[in-house]
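Participant: Sequence:
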Amino acid sequence: MFASFKSLALAVVAATTLAGSAWAQQKVVIDGSSTVYPVTEAVAEEFGKEKKGQVQVTVGISGTGGGFKKFVRGETDISNASRPILQKEMDEAKKNGIEYIELPIAFDALTVVVNKENTWCEQLTIPELRTIWSPESEGKITRWNQVNPSFPDAPLKLFGAGPDSGTFDYFTEAVNGKSKASRKDYTPTEDDNVTVQGVSQDKNAIGYFGLAYYEENKDKLKAVKIVNAQGKAVYPTVESAKSGEYNPLSRPIFIYVNKKSLETKPQVREFVEFYLKHGGELAKEVGYVPLPEEGYKMAAERVSKGETGTVFGGKESVGMTIEKLFTLERVH
300 MFASFKSLAL AVVAATTLAG SAWAQQKVVI DGSSTVYPVT EAVAEEFGKE
350 KKGQVQVTVG ISGTGGGFKK FVRGETDISN ASRPILQKEM DEAKKNGIEY
400 IELPIAFDAL TVVVNKENTW CEQLTIPELR TIWSPESEGK ITRWNQVNPS
450 FPDAPLKLFG AGPDSGTFDY FTEAVNGKSK ASRKDYTPTE DDNVTVQGVS
500 QDKNAIGYFG LAYYEENKDK LKAVKIVNAQ GKAVYPTVES AKSGEYNPLS
550 RPIFIYVNKK SLETKPQVRE FVEFYLKHGG ELAKEVGYVP LPEEGYKMAA
600 ERVSKGETGT VFGGKESVGM TIEKLFTLER VH
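Note that the working numbering has the sequence shown beginning at 300, numbered continuously upward.
Think of the hints as simulated: they come from the structure by calculation, not from any bench. Check the hints yourself; a few may be wrong.
Stated by the list, open to error - Here are the simulated EDC-like pairs of lysine to aspartate or glutamate, each with C-alpha atoms no more than 16 Å apart in a straight line:
(1) K479 <-> E437
(2) K483 <-> E435
(3) K558 <-> E435
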């Protein structure tokens, strides 16, 4: 009897010690874009190794819009974003007393993908993408040959970003000329892996997401060349996004940092500094375009000085190149 009580007492002490240790663990809470997720998750993993588990970094995927909703309420320390913060989000942040630091961390080539067995769709123009995705096409453009007469008379199955996604905002602005203007009869998701699964399993499917998801799944999917403003059909690659040749579907991606978190939580500052030091190489590893070294230095300086606000004025940034981005950054 005594031995059992002793064992029970030891178990309680051990549980209390473990609970105390977990309670003491520092946290960094991140949510937002599924496009930015692979970079931030890679950074979080490396940061966790360096901190030997003393800091818990959680990275959620509720889409850029969903992430900003939490961020402007002060529920997260950092928000992943595949587009700049918009005016309505800026207004909400101001109302709630949330100041933020905007940090571009890489460039993405938004990638249109089809099934591996699709032999007809090698390239698409922006007008053809508009034919597929415009609000007016809902219920009407339902077969491939309606997009281009040279395509087969086969059903058109659509997968794409959900309405809370920054990718959805950017794609609709770039293709349809207005953010969030899209047909609704498609499979929407904030989790790009759903699009990977959907397109890879249906010969007639087409979808879109960030380059990293294509790079990770290129054995299952085929990327479509996009005809740029100069009339050249260009594959989405790190090189074509970096040069600006892959337009208008190249874009900067960001993290937004809560200034109060930065000032009151040492682990958040350490994580952000670690991100800016290693984010470039990790962005490249997951399939995105790292910024020039100067870009990360400028971002680190912004963190050091606590410079808040956005250089985009609450609007989308369609057609933004690395060169244009740095012109904006320098002016700021």
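Participant: Each hint: holds or not?
Facilitator: Hint by hint, here is what the structure shows:
For a cut-off of 16 Å, the pair hint linking K479 to E437 stands: about 14 Å separates their Cα positions. Annotation: proposed proximity of K483 to E435 holds, straight-line Cα distance about 10 Å (limit 16 Å). Of the pairs offered as hints, the one joining K558 and E435 is violated, with about 43 Å between alpha carbons and a cut-off of 16 Å exceeded.
Consistency note: the structure conflicts with earlier hint 3 alone.
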